[in-house]
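Chains A and B supply the protein sequences, listed in that same order. Numbering-wise (the working numbering), the first sequence opens with residue 10 and increments by one. Numbering-wise (the working numbering), the second sequence opens with residue 5 and increments by one.
It is possible that some hints are incorrect.
To be verified - A partial selection of chain A residues facing chain B, derived with a Cβ cut-off under 10 Å:
| id | residue |
| --- | --- |
| 1 | Asn-15 |
| 2 | Val-17 |
| 3 | Lys-18 |
| 4 | His-84 |
| 5 | Arg-111 |
| 6 | Trp-292 |
As the list claims (entries may be wrong) - Residues of chain A placed beyond 10 Å of chain B at every Cβ, according to the derived structure:
| id | residue |
| --- | --- |
| 7 | Thr-57 |
| 8 | Ile-199 |
| 9 | Asn-276 |
These are computed hints drawn from the structure, not numbers from a lab. By construction, the Cβ of each residue, glycine as well, lies at the ideal position given by its N, Cα and C atoms.
Here is how the chains run, residue by residue.
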Amino acid sequence: MIRVKNLVKYYGKRLAVNNISFNVEKGEIVGFLGPNAAGKTTTMRILTGFLAPTRGEAWIAGNSLQTSSIEARKHIGYFAEAVPLYTDMTVRSYLDFWARLRGLDKHTTKKRINEVIETLVLDEYADTLLGKLSKGYRQRVGVGQAIIHEPDVLIMDEPTVGIDPIQVAMTRQLIKRLGEKCTILLSTHILPEVSMTCERVIIINNGKIIAEDKIDNLSSMVGNARRIRLEVQGPSDDITKNLRQIKGVINVKMQDDRHHIVEYPANQDLRSKITEAVVKGGWTLLSMESVELSLEDVFLKLTTDEDGKE
Amino acid sequence: MAYIIVCIFLVLSGVFFSIMTSAFKDATSISGFLQWGSLILILMAAVITMRLIAEERKLGTLELLLTSPVRDSALVIGKFLGSLALLAIMVICTFLYPILLEVYGDPDVGSIISGYLGLFLLGMTCLSIGLFASTLSANQIVAAVVAGGILFGLWFISLAASYLPEGIANIVNYLSLSYYFTDFLSGIIDTRAIIYYISVTVLFLFLAIRSIENSRWN
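The following block holds chain A by itself, in its conformation from the complex (with noise of 0.2 Å):
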């Protein structure tokens, strides 16, 4: 449903975009992952028929932005991230403007402004001018701008910022229920929305895409180490101490006060040496897990490498 090819977007002298390319397949959920000025807007941007890049090209729902812009956009649902509203007008005659705009006749805008509003919760609010809204409402007549014409494909730049969780938790689940019947590319640079509501996650950098694939993969792609998460009782800097000193240890740290992430190459088993050097430290072992890498690891090893390497 969204291709790109070869994408590379210069503001002026400045490189944002460096040659990306992904797909993102009918249905699925995919988030785009990645720090500030990473090039995530503007990715979304050429997406939507909003900038033209300076090289590449890129196709929604089979149509070329770059040949058949107007046709692409019919397609498109777009939630961008400054929500631009128009304050003078209120929640009801902004999606009645946006509906006719995306030619919906009067009968269907009726009543998908009334499910809209019913969807989002703003039935309480629905006549009030949007000037007056909270942040956390705008953001939701934002969404509800993005799908008020049904659109087979949704771009999202950072649906959930500065809201309030339960705010959150709603978008969470409104994205995954529309997700059932369109295509979303959802932008984010926070972790744990990408992993409850994602399948697959591109993960972006400096412009370039440094990793993707499936979520529960994503450990995988963060070479080879295992993590073992030890809940000890004892001092824990001596604990510390003690587990460092275990042969093929990688890494020691701690995770809140109680817990002790031991970190050792994948091609050993050190869970014995562990649980011997915590008993004979004379320390009780209340409890010991695997681990998998989270999100938050693999982007910042992912992401800092990449600095590295550079």
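Following the hints, complete the assembly by docking chain B onto the known chain A.
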């Protein structure tokens, strides 16, 4: 905002109409009013159009407009037609003056009709220039100032004509907004003038469309 603009325009026009008519004791034409009215119109055009695109840029809604399945040309022309409708309302409201003249005097209908045609064409051209200026910045004041600059430049350029040698003076006159307007006041409907105003309008609408397209390439 539109209401305020229309009101101010009508108040000023009314003032000028009454001054010109009573000062010259001339109940046959509205040319006095039209001469001043045209200047007010130029000013109003800059004000009406300054927010058209500039505000979309500032609010960020231009991003949504340009990503919806609407051509840039449709966007520009749509905005233009909207402002044209406002112009039409303002001008139609001033029909009161010739009606008053008809009641109390014996106005020259021909020159009134041509005068209004000229006013409308002039207004249309000014709106297209203002719309173009609005595409250049996210700041409405900048848009208004640029529009004002171009408009007044083109209006008063004919003043320079009297100081210039004949060949160049002619060229300067042909570019001037005011040069073509004076004929309308005397009852002359010159096709050259109509073509001029329409061409300039189309030119600036085209430039406005290009300007928006250009912002995609950043």
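Hint by hint, here is what the structure shows:
1. Given the 10 Å rule on beta carbons, the hint for A:Asn-15 is violated: about 18 Å separates it from the nearest Cβ of chain B.
2. With 10 Å as the threshold, the beta carbon of A:Val-17 stays out of range of chain B, its nearest partner Cβ sitting at about 13 Å, so the hint is violated.
3. A cut of 10 Å between beta carbons decides the hint on A:Lys-18: the least distance to chain B is about 8 Å, and the hint holds.
4. Of the supplied interface hints, the one on A:His-84 holds, with its beta-carbon coming within about 9 Å of a beta-carbon of chain B, less than 10 Å.
5. The interface hint given for A:Arg-111 is met, as the beta carbon of that residue sits about 6 Å from the closest beta carbon of chain B, less than 10 Å.
6. With a cut of 10 Å, the hint placing A:Trp-292 at the interface with chain B is violated, because the nearest CB-to-CB distance is about 58 Å.
7. A Cβ of chain B approaches the Cβ of A:Thr-57 within 10 Å, the least distance being about 4 Å, so the stated non-interface status is violated.
8. Taking the minimum C-beta to C-beta distance to chain B, about 22 Å, the non-interface status of A:Ile-199 holds against the 10 Å cut.
9. Every Cβ of chain B is farther than 10 Å from the Cβ of A:Asn-276; the closest lies at roughly 50 Å, confirming the non-interface assignment.
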